[in-house]
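Listed here are the chains, written in short residue letters.
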Amino acid sequence: MAASEHTALQFTPVLSSSSLLAKVHPLVIFNICDCYVRRPDQAERVIGTLLGSVLPDGTVDIRNSYAVPHNESSDQVALDIDYHHNMLLSHQKVNPKEAIVGWYSTGLGVTGGSALIHEFYSREVPNPIHLTVDTGFRNGEGTIKAYVSVNLSLGDCQLAVQFQEIPVDFRMVEAEQVGFDILKTPMVDKIPSDLEGMEASMQRLLALIDDVHKYVDDVVEGHTASDSSIGRFISETVASLPKLLPSAFDKLVNDNLQDHLLLLYLSSITRTQLSLAEKLNTAAQIL
Amino acid sequence: MANNSGNTVARSFLQVASTEEVAPSLRVVQIEGLVILKIIKHCKEFSPALVTGQLLGLDVGSVLEVTNCFPFPIREEDEEIEADGANYQLEMMRCLREVNVDNNTVGWYQSTLLGSFQTVELIETFMNYQENIRRCVCIIYDPSRSNQGVLALKALKLSDAFMELYRSNNFTGEKLRERNLSWVDIFEEIPIKVSNSALISAFMTELEADSPITQCDYDRLQLSTNPFMERNVEFLIECMDELSMEQQKFQFYYRNLSRQQAQQQAWLQKRRSENMARKAAGEDPLPEEDPSNPIFKPIPEPSRLDSFLITNQIANFCNQINGVSGQSFNRLYLMKALQDS
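Protein sequence lines, in the order shown, are assigned to chains X and H. Position 52, counted from 1, in the first sequence is what the UniProt record's numbering calls 52; the numbers after and before it change by one each time, with no gaps. Position 127, counted from 1, in the second sequence is what the UniProt record's numbering calls 127; the numbers after and before it change by one each time, with no gaps.
Some hints here could point you the wrong way.
[Claimed, not checked] Only pairs whose alpha carbons sit at most 27 Å apart, straight line, appear in this in silico DSSO-like list of lysine-lysine:
| hint | chain 1 | residue 1 | chain 2 | residue 2 |
| --- | --- | --- | --- | --- |
| 1 | H | 249 | H | 297 |
| 2 | H | 44 | H | 279 |
| 3 | X | 145 | H | 41 |
| 4 | H | 44 | X | 97 |
| 5 | X | 93 | H | 44 |
| 6 | X | 23 | H | 297 |
Rather than coming from a laboratory, the hints here were simulated on the basis of the structure.
Chain X on its own, in the form it takes in the complex (with noise of 0.2 Å):
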């Protein structure tokens, strides 16, 4: 607890010098907003702990994060540092490989309390990332941002910190992704089970050829300017559909087909031995 003395600064990157790149998993994002929804009433802002790890090529991996109690007034900031080590002790219990990589805060922009926060981050990090979320959508949309420090100091007098913006990437790993669709409606019925998530995956194809037929007819029809590129790529997908002989073709579509029917048939089958054998087992009567 102290007051802050540092100015902080903020610049937008003209020419960043370091290629660190911040990667962010969408579930850091829920989790913020969630504790911003659960937020105590009579703070603004919620602060909290970035884990993740930093990758080999340089690019800090944020894999989660959780939400550290604090108290905010107009020139003081207190964080509950017990509170975030129990917690980050009890997550790494769970899964020793992530680490402090930095923290968030909701709202946009940098404050000055900020700039005590991240000193306080970099005691325990080397080079922290601070992300900012806004949730207020002050900009007319939810701006997501990273920064990274830099201290500008004259001599031996320390100046100011400088937060420097870096360049955020999001990332989904495939099984989220099978959800995504859930994840952006306020509310849905029930999970879309295997076949009805086929048909919404065929209608995008479907539809993905018809958009290329529209261009292609547009091209031939002198609507719209041709680009070669783009022929090359829609010849070269044409051209990758395997040539066969409509016999060879046919031959192994059938077999396929009857090794997926047999199955098929195999499964009924357990089925109904199922049923059966639990009819005799409890029916049987002795005495």
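Put chain H on the given structure of chain X with help from the hints.
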């Protein structure tokens, strides 16, 4: 007049207070997107090892809301780590309480491999939870099916009839027939609804990638499903072996029982003829029963619980095979259409 109405009011209040509260049956489990993401992340990171975690939320009427969860560390088999595990749980709950998360346990989640999760441990964990909480669910997630483009998430609960039977620990054929309980009645699957706060859906809509096709579409439209089917069928075969072993146990039991009965009859005949001879000689007849004779010892009937569980598992595998075959048919016909054109 006022007195009368006062009395009727008082009586009706007493009546209401004395009637037992009948809990509405659980119809839907409402999960938040946050919980689903956390479960996916945890199970995927540790696959193929099986992991578990705790679910937190609220129990509202006929809907069970799951609002948060936290994972359990992988437990060693050591005895002293047991206390550690309990400490970890308390610590996490306390910390989450401080940030206003509902720290009300409503169940647990676990990952599974290809759907083979029906074990006795699952039932025992259920019974343990049920003693403390009135309503709890178990969410099963299968990470191996997500590379087929399917979100394999299920919410399970033990049916009430089965729980009572389990408590009495009696699985003989007669009891089961009395209650009309078969292997489908052990687990009840509950439909899942997903809800998200408006803030999150706003963010997600914005962060959506621009390309119309995602990786999961590639996975779904992939033609090769052979490895998955092969493993499924392998597991199916193993389970059938176990089932036939169980059935052999039953056969053995029945054979022993009938042999014992035959022995009993023979002994009884002998006794009766002895008694006739004694009566003729004027001595007291011997009793017709002899509990110390080993042929009268009742043979314990083997429990049917295991065979039920195995049956459930087999049914699960069959369902999965059906589902995947359906998808494959779709793909094959699609390919055929492409080739023809």
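Taking the hints in turn, this is what the structure says about them:
1. H:249 <-> H:297: 19 Å, holds
2. H:44 <-> H:279: Roughly 81 Å separates the two Cα atoms, so the pair is violated.
3. X:145 <-> H:41: 23 Å, holds
4. H:44 <-> X:97: 15 Å, holds
5. X:93 <-> H:44: With Cα atoms ~17 Å apart, residue 93 (chain X) and residue 44 (chain H) stay inside 27 Å; holds.
6. X:23 <-> H:297: 71 Å, violated
Checked against the numbered hints above, the structure violates hints 2 and 6; every other hint is satisfied.
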